[in-house]
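Enquirer: Okay, here's what each chain looks like letter by letter:
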Amino acid sequence: MKLRSKSAAMLAVAVSVALTVSACGGGSNDDGEGEGEGGGAAANAAIDKVLNASDKKGGTLVYESADVPDSMDPGNTYYGYMWNFSRLYARSLMTYAPGPGAQAAEPVPDLAEGPGEATDGGKTWTYKIKKGVKYEDGTEITAGDVKYAVERSNYARDVLSLGPNYFAQYLQNPDDYKGPYKDKSEEGIASIETPDDHTIVFKLDQAFQEFDYLVAMTQTAPVPRDKDNGSDYQKNIVSSGSYKFESFDLDKSATLVRNDQWDPKTDKIRKQLPDKIEVRFKVNPETIDKNIEAGKTHVMFDALGVTAQTQSQMLRDKSNMLDNPTGGRLTYLAMNTQLAPFDDVNCRKAVEYAVDKDSSMRALGGEPKGDIATTALPPDVPSHEAYDDPYATEGSKGDVDKAKAALKECGQPDGFDTVLTARTERQDEIDNATAIQAALKKVGINAEIQKFPGGKYFTDFAGSRKWTQDNKAGLYMMQWGSDWPSGYGFLQQIANGGALGESGNTNISYLDDPEINKLLDDSIADPDKAARAKAYAEVDKKMLETAAIVPLSYFKVLHQRSDKVTNLVVSQAFSGQYDYLNLGLK
Amino acid sequence: MTAPIETTGATEATPEALVEGVDKSRIEGRSLGRIAWMRLKRDRVAMAGGVVVVLLVLIAALSRPIQSIFGLDPNKLNQDLVDPSLSTPYGSFGGMSWDHPLGVEPRLGRDIATRILEGSWVSLLVAFGATMVAVVIGTVLGVIAGYYGKWADTIISRTMDTFLAFPVLLFAISISAALQGGAFGLKGLQLHIGVLIFVIGFFSWPYIGRIVRGQTLSLREREFVEAARSLGARGPFILFRELLPNLVGPILVYSTLLIPTNILFEAALSFLGVGIQPPQASWGGMLSSAIDYYQVDPMFMVVPGVAIFLSVLAFNLLGDGLRDALDPKGRR
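If you read the sequences in order, they're chains A and B. Under my numbering, the residues of the first sequence are numbered 1 to 586, in order. Under my numbering, the residues of the second sequence are numbered 1 to 332, in order.
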């Protein structure tokens with residue numbers, strides 16, 4: 001059992017984002033409000049502030065991981081924890097600085113001197129690169145290295161296929177550039193210009209006002225062309241950050257040591273505290289929990305949270321050594337708006353009323369695993385705005401009468417049969433589907449649960465238009481987190497009808513609402529940040545109005561905290577993981 | 001096996017008494033059965049197994065009626081009995097109480113006793129069904145291979161080797177995954193049970209087939225068969241009237257021993273998530289969802305574990321006893 005297949009399917013954005021548990025923000029827990037005997041800090045102390053802030057140097061910081069990452073190469077990974085961790089050895093143009101709450105979700109300059117300068121109405125973005133920043137071998141980093149990094153990570157999908165490819169999506173590409181491994185010319189892609197060694201200009205097809213978020217992805221971290229060997233680059237990464245690889249043993253461990261070429265004068269964010277950082281892969285999750293408790297290990301690398309066993313024990317003992325933040329992710333039930341009878345908004349409303357969110361939250365693992373949700377945007381995603389839930393029911397337990405009334409209006413007074421899909425390797429998702437099935441049955445909707453492997457969920461099943469139509473499958477269990485912390489990053493992939501294809505859809509409500517599409521398209525071209533945030537909140541409301549999704553829970557993750565670690569803070573930019581950048585040891 | 005009795009019965013038959021001889025052999029068969037029964041009765045362990053088996057079959061057969069009489073619903077959620085922050089049932093021993101004698105599940109709070117009851121018919125139906133499929137295919141092909149020999153034997157024996165070498169588990173996993181939704185006019189639970197019976201039965205027939213073939217090989221050279229043949233009896237007659245009655249013993253024994261294997265196989269497939277689909281209760285499925293809680297709520301794992309253990313043990317004990325009882329060389 002526990003097939004937990006961590007496939008990093010490139011289309012299935014959600015697959016990987018979802019598996020790398022995540023989140024940030026202010027979840028509060030009933031347990032342990034006071035000072036604890038053990039660590040001195042209360043439960044959830046690392047959510048609202050940086051806990052044990054310190055500049056003390058030295059020691060070996062140990063991470064342990066239940067699995068292995070898709071790749072250590074910052075240009076070839078889709079796991080949130082790798083985006084988080086790789087900042088230690090890879091400096092992208094912009095990045096996220098450790099900090100509590102919303103302040104961590106704002107990109108700050110790293111390799112760049114400042115945020116991008118937009119010209120041409122947001123179609124051209126110019127970044128100045130800091131002078132005197134060096135690789136671990138002492139050579140200076142130039143704009144060409146950044147350009148090369150973007151080219152290899154976005155245009156050579158046959159070699160590096162694991163990361164996202166937003167640059168390929170938004171950059172101009174009139175000559176159909178084939179990536180640096182096929183096109184060996186020095187010029188590379190024409191839409192990234194490097195007028196001098198410290199200036200880089202990106203030219204886009206359309207106005208895109210959140211470009212700073214895109215360059216904050218680790219894919220803009222410089223890669224020296226002569227040291228690049230494709231997917232094997234993860235074995236000899238040339239560091240630009242505060243740490244460099246001493247050794248990397250695939251599937252076993254990685255050891256990082258201080259990078260002596262890193263100059264704190266060029267870097268306001270990094271601290272370089274421990275002497276050594278060790279990551280051990282493929283450790284039994286229960287062993288990791290025990291090791292952290294014993295102080296032998298400091299952080300769970302893949303940030304999946306504690307096992308059910310440890311969770312029960314910690315909560316039963318009212319342990320203070322835990323942080324239980326929300327993870328910028330929404331667990332929801334998607335309804336296929338293009339498949340009868342769900343193409344009728346009243347049939348969808350019937351489901352909205354029938355679903356027992358309280359039961360669903362308990363099926364997911366209760367309060368430590370999620371708060372009952374009423375909006376599409378989780379509260380810890382910027383531009384979330386609370387509004388009155390149009391389908392509020394008493395105690396969030398569902399309302400059979402209202403659901404039946406809605407069913408009558410859509411001409412199905414006796415209910416109907418449908419299929420509800422869930423992912424095989426996620427027991428909590430299956431339990432959740434079971435709870436929803438029971439609630440729907442009360443109003444006469446018979447949903448047959450079908451399970452499919454997560455790696456093919458979007459390509460072959462819930463995300464394939466043909467499959468859903470052929471199998472009359474109208475309901476899908478879904479969990480979604482955004483690739484960058486903004487309303488657009490979250491909504492665009494699950495609400496934008498313009499991006500719907502035949503398969504590989506993550507918009508599995510098959511929602512194609514002209515108003516929502518226009519709001520999304522217009523807002524991303526709008527330089528006014530506040531106006532953009534408003535538009536996203538508007539889209540959120542409209543998604544509920546059209547009853548395309550039933551929000552179930554705002555995902556939460558339960559981390560076990562080590563009392564030996566300094567500068568602990570949960571990051572909204574990395575979906576509720578501890579920010580790995582400046583962790584040190586007491 | 002059964003050699004002396006059969007030999008006497010067959011050699012005594014005179015040509016005129018052939019019809020009567022059949023009758024006679026039935027009487028012999030009955031007395032063979034009586035001897036076996038007497039032996040079995042003396043074997044206390046086997047009898048205990050037999051009693052449990054009978055009980056199990058009764059429970060499984062009456063599972064649905066019992067549920068409707070007592071108003072039980074295996075899929076009813078009782079989440080008010082589960083601690084929302086721990087996800088485990090309130091109270092000790094997995095939330096045992098008068099209403100829920102074996103406790104309730106973590107998270108969903110479904111009654112475990114009812115789910116065990118509901119799971120019993122699934123387990124036994126699949127095990128019996130699959131065994132039946134295996135016995136029918138195995139016997140037919142085994143007898144043909146053993147009696148006709150030559151190329152028929154070669155083809156069938158090689159087919160059996162192929163089946164035995166087949167990665168059954170992988171095949172089962174892929175076919176179960178591929179057939180979700182609907183196939184052969186079946187849907188949902190019927191489909192899953194049908195697929196399980198087919199997959200398990202289709203891959204366990206070679207075990208029966210080999211035994212039957214071996215028995216047939218030795219029987220066909222016996223005098224009573226030669227006698228029948230010399231009297232003009234043809235293939236089918238010899239197969240059905242002479243050979244099959246003498247094969248009933250071994251077939252009975254090996255199918256009793258195949259049932260527990262199939263119970264385990266069904267549990268394993270449901271455990272791997274490719275057998276019975278939720279929310280339908282099945283023992284293997286319950287065991288699989290119990291893994292996450294084995295330390296904090298051990299009862300949830302113990303109950304379906306004990307159910308599987310007891311039924312497998314009972315069938316094995318009964319099967320062993322049957323083999324001893326039907327073995328004429330047995331000393332008892």
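Be a bit skeptical, because a hint or two may be false.
Said to hold, decoys possible - Okay, derived cross-link-like pairs now, DSS-like style, lysine-lysine, Cα gap no bigger than 30 Å in a straight line:
1) B/Lys41 x A/Lys404
2) A/Lys472 x B/Lys187
3) A/Lys442 x B/Lys187
4) B/Lys41 x A/Lys402
As the list claims (entries may be wrong) - Restraint-style ranges between C-beta atoms, simulated for each label pair:
5) A/Arg157 x B/Ser68: 34 to 44 Å
6) A/Glu394 x B/Ala61: 39 to 49 Å
7) A/Asp137 x B/Ile175: 52 to 62 Å
8) B/Arg64 x A/Asp401: 25 to 35 Å
Rather than coming from a laboratory, the hints here were simulated on the basis of the structure. Small disclaimer: the values here were computed from a predicted structure and weren't measured. Cβ atoms here follow ideal geometry from the backbone N, Cα and C, with glycine treated the same way.
Enquirer: Hint by hint, say whether it matches the structure.
Expert: Checked hints:
1. B/Lys41 x A/Lys404: Measuring from Cα to Cα gives roughly 61 Å; hence the hint is violated.
2. A/Lys472 x B/Lys187: 13 Å, holds
3. A/Lys442 x B/Lys187: Holds, at roughly 22 Å.
4. B/Lys41 x A/Lys402: It is violated: about 64 Å lies between the C-alpha atoms, which goes past 30 Å.
5. A/Arg157 x B/Ser68: 34 to 44 Å: 58 Å, violated
6. A/Glu394 x B/Ala61: 39 to 49 Å: Given range 39 to 49 Å: holds, Cβ gap about 43 Å.
7. A/Asp137 x B/Ile175: 52 to 62 Å: 55 Å, holds
8. B/Arg64 x A/Asp401: 25 to 35 Å: 31 Å, holds
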